[in-house]
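Numbering (the working numbering), first residue to last: 51 to 125.
The reader is advised that the hints may include incorrect statements.
Claimed, not checked - As a list, the in silico DMTMM-like pairs of lysine to aspartate or glutamate whose alpha-carbon atoms are at most 20 Å apart:
#, residue 1, residue 2
1, K56, E76
2, K56, E71
3, K56, D72
4, K56, D97
5, K56, E80
It is worth saying that the hints were derived from the structure and are not from the lab.
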Amino acid sequence: MTTGRKRSLSIAGHRTSISLEDPFWEALGEIAAGEARPISVLIAEVDSGRGALNLSAALRLHILAHYRERAQRAG
Numbered sequence: 051m052t053t054g055r056k057r058s059l060s061i062a063g064h065r066t067s068i069s070l071e072d073p074f075w076e077a078l079g080e081i082a083a084g085e086a087r088p089i090s091v092l093i094a095e096v097d098s099g100r101g102a103l104n105l106s107a108a109l110r111l112h113i114l115a116h117y118r119e120r121a122q123r124a125g
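Please model the complete structure; the sequences and the hints are all you need to start from.
Encoded structure:
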């Protein structure tokens with residue numbers, strides 16, 4: 051099992067803490083680097099479109115969608 055890690059950051063001017071397992075933090079870093087933007091900007095974008103879903107779950111789903119789309123493009 052992988053361990054969870056909590057990180058604190060500012061989103062839309064307020065501090066929040068997000069708890070994700072290490073592989074998800076690594077995936078967020080890869081996605082953000084591939085888009086040439088900071089992880090905090092990527093997280094803020096996901097946060098703004100998540101609706102009632104909690105942020106950690108929204109981030110996991112965003113990561114899943116990203117890699118599924120990438121796999122489909124690869125064929």
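Q | Distance restraint between K56 and D72, which requires alpha-carbon spacing of 20 Å or less | A | OK: K56 and D72 at ~10 Å, within 20 Å.
**Q.** Restraint check for K56 with E80, where alpha carbons must lie at most 20 Å apart
**A.** Holds, at roughly 18 Å.
Q) Is K56 within 20 Å of E76, Cα to Cα? A) holds (13 Å)
Q: For the pair we were handed, K56 and D97, check the Cα-Cα distance against 20 Å.
A: holds (16 Å)
Q) Is K56 within 20 Å of E71, Cα to Cα? A) Holds, at roughly 9 Å.
Checked against the numbered hints above, the structure breaks none of them.
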